[in-house]
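Using the sequences and the hints, build the whole thing.
What follows is the residue order along each chain.
2 protein chains.
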Amino acid sequence: MSLLTIGTVAFDAIETPFGKTDKIIGGAATYISLSASFFTKNVGLVSVVGGDFPEQTINMFKDKKIDVTGLEIQKENKTFFWSGKYHTDMNTRDTIDTQLNVLATFNPIVPQNWKNADFLMLGNLMPKLQLDIIKQMSTRPKLIVMDTMNFWMETAADDLAKTIAEVDVLTINDAEARQLANEYSLVKAAQKILSMGPKYLIIKKGEHGALLFNKDQVFFAPALPLEEVFDPTGAGDTFAGGFIGYLAETRDISFDNMKRAVIFGSAMASFCVEKFGTQRLEELTQDEVDNRIQEFINLVQFDISLVNE
Amino acid sequence: MSLLTIGTVAFDAIETPFGKTDKIIGGAATYISLSASFFTKNVGLVSVVGGDFPEQTINMFKDKKIDVTGLEIQKENKTFFWSGKYHTDMNTRDTIDTQLNVLATFNPIVPQNWKNADFLMLGNLMPKLQLDIIKQMSTRPKLIVMDTMNFWMETAADDLAKTIAEVDVLTINDAEARQLANEYSLVKAAQKILSMGPKYLIIKKGEHGALLFNKDQVFFAPALPLEEVFDPTGAGDTFAGGFIGYLAETRDISFDNMKRAVIFGSAMASFCVEKFGTQRLEELTQDEVDNRIQEFINLVQFDISLVNE
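Chains as they are written, first to last, in our numbering: chain V, 4 to 312; chain P, 4 to 312.
Just so you know, the hints here were simulated from the structure itself, not pulled from any lab data.
Quantities reported herein were computed from a predicted structural model and do not represent experimental measurements.
Same chains, same label: a pair holds when it works inside one copy or across any pair of copies.
Once the Cα atoms are required to be at most 25 angstroms apart in a straight line, the calculated PhoX-like pairs of lysine-lysine come out as:
no., residue 1, residue 2
1, Lys-88, Lys-23
2, Lys-23, Lys-278
3, Lys-191, Lys-88
4, Lys-165, Lys-202
5, Lys-208, Lys-262
6, Lys-81, Lys-26
7, Lys-23, Lys-191
8, Lys-118, Lys-68
9, Lys-278, Lys-191
10, Lys-208, Lys-191
11, Lys-118, Lys-44
12, Lys-195, Lys-218
13, Lys-68, Lys-44
14, Lys-44, Lys-67
15, Lys-67, Lys-118
16, Lys-262, Lys-218
17, Lys-65, Lys-78
18, Lys-195, Lys-131
Set out below in structure tokens:
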């Protein structure tokens with residue numbers, strides 16, 4: 004099925020305890036569409052870049068069968084740039100520099116042939132723009148997944164609430180879930196957030212895994228214990244891309260299939276962090292993904308027969 | 004099979020965001036033996052208390068079929084006392100007061116009829132005393148599990164290393180694993196710690212679950228997402244008690260059975276934190292435990308068939 008994704012396509016400069024990069028390709032929609040394209044070959048991208056953006060990367064998107072019709076190129080302007088430095092624990096980072104550039108005036112337009120996409124992934128972006136994309140769709144997608152962050156909770160709470168009310172699945176991290184719900188307990192926070200509109204909530208806990216909630220059920224996927232987390236940038240977006248890419252390809256949005264999608268998303272994220280930027284995702288093979296899924300199975304599988312069942 | 008446990012039996016005074024207690028019954032061996040006694044009725048306790056310790060609690064141990072022959076009562080002295088206050092996140096706490104009392108001169112003696120116990124649980128205590136207990140055993144137990152903490156890494160590193168080298172399973176928390184191995188990556192830390200002697204390592208991550216490592220395998224058990232964690236005191240000891248109690252009762256120390264034991268231990272810990280002190284453990288029923296195990300199964304169970312397998 005068709006999957007439309009919107010979000011940033013960017014330059015990142017990253018410093019981790021393991022090294023430092025110059026400008027490399029980043030952005031939420033980059034990670035989402037690359038990750039999703041591993042599962043489904045009908046992915047469309049809506050974003051904006053400047054004249055400084057390498058044609059080579061646009062060709063890489065095309066090679067991965069990502070439709071870049073919706074990727075606006077502002078020749079006279081510069082691509083969005085973010086620079087950050089991670090602490091030892093890799094769970095916290097400082098932003099060193101943010102240059103909005105093309106993003107400052109971004110007015111996303113859904114191409115005509117993507118207005119009836121079956122799946123819609125709203126990468127982290129100003130909530131008003133995310134809502135605008137939903138309104139541009141000619142038919143309501145079967146599933147809308149939305150990612151957001153604490154910055155919008157602090158600066159655009161009303162728009163955020165309106166947008167959240169329109170989506171099916173919200174993905175945020177644990178600190179953001181606590182902030183959005185004003186509840187320390189994640190279980191209580193989840194129920195409060197589900198009452199804001201979404202039928203499903205995914206709470207991303209980084210190295211501590213991810214929780215999938217609906218009103219009655221909860222599913223937990225661990226993060227794979229890795230020898231090294233080299234660069235966590237894009238892990239959340241890669242997770243989301245794997246999640247919705249798997250759902251779009253299997254055409255099944257039951258809770259049981261969402262569990263599988265969470266595991267595939269977690270597997271994709273576990274690759275993402277092994278190298279700087281999108282490098283690991285670009286070179287990924289089916290065998291590698293299958294082996295990693297098997298590692299997840301081995302990691303959590305146990306066999307208890309309850310006497311009374 | 005017979006299970007001998009050693010550790011503190013204490014008075015605790017606890018403050019959490021949910022309330023405050025006066026002196027209540029606590030101590031590692033209290034939680035361990037109570038939790039283990041749910042699974043196996045052949046538990047012996049080696050510890051020390053003062054003349055101020057309530058006979059009622061000793062009778063409660065006896066009701067749970069815990070053999071208190073090894074519980075020394077120093078009539079002229081006072082029971083070990085610890086007082087602490089938890090922060091909002093419940094993962095960190097400040098010690099307000101520690102009164103060693105009887106513990107200052109504790110010289111544990113294994114009763115004659117417990118010297119050939121099949122399973123030995125060394126609760127957190129001065130490593131020299133833990134090692135002394137191992138030496139008092141007339142036959143080497145089938146399995147020795149040891150808990151310890153950062154305090155001994157800082158003050159008794161040599162004794163700790165000697166004791167760790169003699170045990171089969173070491174249980175510590177994630178910060179302690181990093182400290183003991185001097186490695187930030189838990190995967191690397193685990194391999195380093197396993198090279199110090201133990202065949203198995205359990206890294207307890209509190210609300211983020213627990214990891215079981217041997218040289219070739221890793222298993223992860225989540226913590227159950229709870230609405231409220233009321234009082235985390237004793238959760239790690241309750242986990243250890245459930246773990247070794249289940250192993251002792253099933254007489255099976257394979258990795259597959261250790262996975263089950265980790266899940267049972269996690270289930271017991273999830274009850275422990277629901278009320279202050281040992282209250283919840285004392286009143287626990289088989290149905291409640293079965294239902295909770297089912298919740299763990301629902302929480303992590305997924306069904307992915309890999310095409311190439």
